[in-house]
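Visitor: Residue numbers (our numbering), protein chains in the order written: chain E, 1 to 276; chain W, 277 to 593.
Hints in this document: simulated from the structure, not taken from any laboratory.
Bear in mind the structure is a predicted one, so any value in this text is a computation, not a measurement.
Beta carbons are placed, not taken as given, at the ideal position from N, Cα and C, and that holds for glycine.
Each hint should be verified, as a subset may be incorrect.
Unchecked claim - Covered stretches of chain E (in silico footprint by chain W; criterion: 3 or more residues with CB under 8 Å from a CB of chain W, positions within the stretch not fixed):
#, stretch
1, 123-135
2, 203-214
3, 232-244
Claimed, not checked - Heads up, simulated DSBU-like pairs for lysine-lysine below, C-alpha to C-alpha not over 35 Å straight-line:
#, chain 1, residue 1, chain 2, residue 2
4, E, K267, E, K176
5, E, K101, E, K176
6, E, K177, E, K267
7, W, K402, E, K267
8, E, K267, W, K554
As the list claims (entries may be wrong) - Simulated coverage check for chain W against chain E, where a stretch passes if three residues somewhere in it have a Cβ under 8 Å from a Cβ of chain E:
#, stretch
9, 388-397
10, 411-421
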Amino acid sequence: MNSLNFHTIPWSARIGMVMIVIMVFLGIAGPWIAPYTNAELVGDVWEPMFGNFLLGTDNLGRDMLSRLLYGARITLFIAFVATLISFTMGAVLGFFAAVQKGWLDQVLSRGNDTLMALPTLIFALVVLSVLPANLFTLIMVMAVLDSTRVYRIGRAIAVDIEALDFIEMARLRGEKKSWIILHEILPNALTPLIAEFGLRFSFAILFLSSLSFLGLGVQPPAADWGALVKENKDGIAFGISASLVPATAIAILTISVNLVADWLLSKTSDLKGGEG
Amino acid sequence: MNIATLIAQRVALGILSLFLVSILIFVGTEILPGDVATAILGRSATPDAVANIRRDLGLDDPAIFRYFHWLASFVQGDLGVSLSNGQDIAQSVGRRLQNTLFLAGTAAIASIPLAVFLGMVAVHYKDGFVDKFISMTTLAAISLPEFFVGYMLILFFSMTLGWFDPIVSLNDSMSFLERLYAIILPVMTLTLVVLAHMMRMTRAAILNVMTSSYIETAELKGLSGGVVIFLHAFPNAISPIINVVVLNMAYLVVGVVVVEVIFVYPGMGQFMVDHVAKRDVPVVQACGLIFGGIYIFFNLTADIISIISNPRLRHPR
Chain E
1 MNSLNFHTIP
11 WSARIGMVMI
21 VIMVFLGIAG
31 PWIAPYTNAE
41 LVGDVWEPMF
51 GNFLLGTDNL
61 GRDMLSRLLY
71 GARITLFIAF
81 VATLISFTMG
91 AVLGFFAAVQ
101 KGWLDQVLSR
111 GNDTLMALPT
121 LIFALVVLSV
131 LPANLFTLIM
141 VMAVLDSTRV
151 YRIGRAIAVD
161 IEALDFIEMA
171 RLRGEKKSWI
181 ILHEILPNAL
191 TPLIAEFGLR
201 FSFAILFLSS
211 LSFLGLGVQP
221 PAADWGALVK
231 ENKDGIAFGI
241 SASLVPATAI
251 AILTISVNLV
261 ADWLLSKTSD
271 LKGGEG
Chain W
277 MNIATLIAQR
287 VALGILSLFL
297 VSILIFVGTE
307 ILPGDVATAI
317 LGRSATPDAV
327 ANIRRDLGLD
337 DPAIFRYFHW
347 LASFVQGDLG
357 VSLSNGQDIA
367 QSVGRRLQNT
377 LFLAGTAAIA
387 SIPLAVFLGM
397 VAVHYKDGFV
407 DKFISMTTLA
417 AISLPEFFVG
427 YMLILFFSMT
437 LGWFDPIVSL
447 NDSMSFLERL
457 YAIILPVMTL
467 TLVVLAHMMR
477 MTRAAILNVM
487 TSSYIETAEL
497 KGLSGGVVIF
507 LHAFPNAISP
517 IINVVVLNMA
527 YLVVGVVVVE
537 VIFVYPGMGQ
547 FMVDHVAKRD
557 VPVVQACGLI
567 FGGIYIFFNL
577 TADIISIISN
587 PRLRHPR
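Next comes chain E alone, as it looks inside the complex (with noise of 0.2 Å):
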């Protein structure tokens, strides 16, 4: 990872790793860029696009170029929170069941395998059925889901690492299990995670824009790029394409993220399942 030369980074991650910048700009600055406010009714329902409006209004009236600019940073935002958790969780958990071993590693470790016996959207639906329906609810339940994952490839990667002779030089120095986990075991495995910290978060994303879409994520009058798609679908009867707008907002953040996290694989597959 030292050679980390700008020239050798892939076109494809280079794009995506623009987009991402661009994306993450609006979403801080969207509310000061917006022509108009998120709320505020400024044409007629539906109006289309490039007319008096940029990316024409919505099922309401509101402008949807405005409205995707708000929307950008609640998305963004819970994706984020939600992977940063999930990560935390996951991989402290995952690294703490590899250096622990014994039956911590397997009641750790059978819990794992049986939340993920269940498909994620599922046992969300489940959950969402009794919970409040808060931004809170929701970014723990993403979290928490996502999180086995995380688990899963943090304890793979961490046995890997934790049958190397360092460890067992600090073992026998009589450092405490969290330094090892801390001082050996973390530095180690980043490069991996950060690939794994990609794709987590694309998939972050679509599950966040899915559960919109169903209804069951972002509870209005916020509103996320899922349920923006949400809020317009009813139009696609009516070859009325302004869902499709939030939609492709979506499609190009993930595809962005997708292209770097890719790129971040192929530089760190080398590290993953190999010698160590």
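Starting from the known structure of chain E, fit chain W onto it as the hints suggest.
Guide: For chain W alone, kept in the frame of chain E given last:
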């Protein structure tokens, strides 16, 4: 180890994980901080009303007692009664489950031969245009939300060309062919979603075999590339391919949830989503366990097939 013992172990493991999943679903809906009674009543929850509902639903009994009661009735086909409309859940779910399996099954029949065929084509034209195409479609398949694909198809095939209805409705008077025609768009959406993964894995499985020396022999005999791939490499790559196919079928049954909502398809996914919004817990529990059961069943099948198709296990020394 004996192959029968291995399979028996896998089946036992599958039943165990189904059991654990049922506990998970029950715990997820009954013990989490959100309370069913308050959820049903919403903002109108007065302490008296909550107490009444709790008594009616038997929520005052110990959780473990309620769990076994629920599971025992479920196994006997009694899924309980919907909270929102008082109807028998087994009755409403039965027809919808059929519709869902019809949709997912048709998508499987359409996508599997296509994916395997395209995978073989990709091996034939390795490193060329087809390979680039595959990695592009794979990227698209893991990046594009299902509703993006679905709505694009609707706009093109329903609006521009006017070939299919954007909303799928099924009724009893329809013949099999009419039903098939009605679900073409959702089937296309599902196919596009699972195609890339199956295609890529088929290609990888065959390429893996292509390095064997008997393939070299076949090539040196002067056989054409297509014959080598189809008659020599493919039969030996079939077990990993079947494995991927079965895993994708498990995915199909679940991926169907979003697709059903896109096309307003009268299936179990749409039904479940509606009742999550209504906080109709018994319905959600029943649907969750059925979906979970199907998912576990397919994963189990994939495991068993890979055991059976492994010659080292089939002919123990």
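Visitor: If a hint holds in the structure, say so; if it does not, say that too.
Guide: Verification of the supplied hints:
1. Against chain W, the stretch 123-135 of chain E contributes 9 residues with a C-beta closer than 8 Å to a partner C-beta. That satisfies the three-residue criterion, and the hint holds.
2. A count of 5 residues in the stretch 203-214 of chain E with a Cβ less than 8 Å from any Cβ of chain W is obtained; the coverage claim is therefore met, three being the minimum.
3. Judged by the Cβ-Cβ criterion of 8 Å, the stretch 232-244 of chain E is covered by chain W as claimed, because 7 of its residues qualify and three suffice.
4. Between E:K267 and E:K176, the direct Cα distance comes to roughly 32 Å. Compliance with the 35 Å bound is thereby established for this hinted pair.
5. Under the criterion of a C-alpha separation no larger than 35 Å, the hint pairing E:K101 with E:K176 is consistent with the structure, at around 15 Å.
6. Restraint check for E:K177 and E:K267: satisfied, since their Cα atoms lie roughly 30 Å apart, inside the 35 Å limit.
7. For the given pair, W:K402 sits about 22 Å from E:K267 by alpha-carbon distance, which is consistent with the 35 Å threshold.
8. Proximity of E:K267 to W:K554 is assessed by CA-CA distance (about 47 Å); at most 35 Å being required, the pair is judged violated.
9. Look at the stretch 388-397 of chain W against chain E: 0 of its residues bring a Cβ nearer than 8 Å to a Cβ of that chain, fewer than three, so the hint is violated.
10. Only when three residues or more bring their CB closer than 8 Å to a CB of chain E does the claim for the stretch 411-421 of chain W stand; here the count is 6, and the claim holds.
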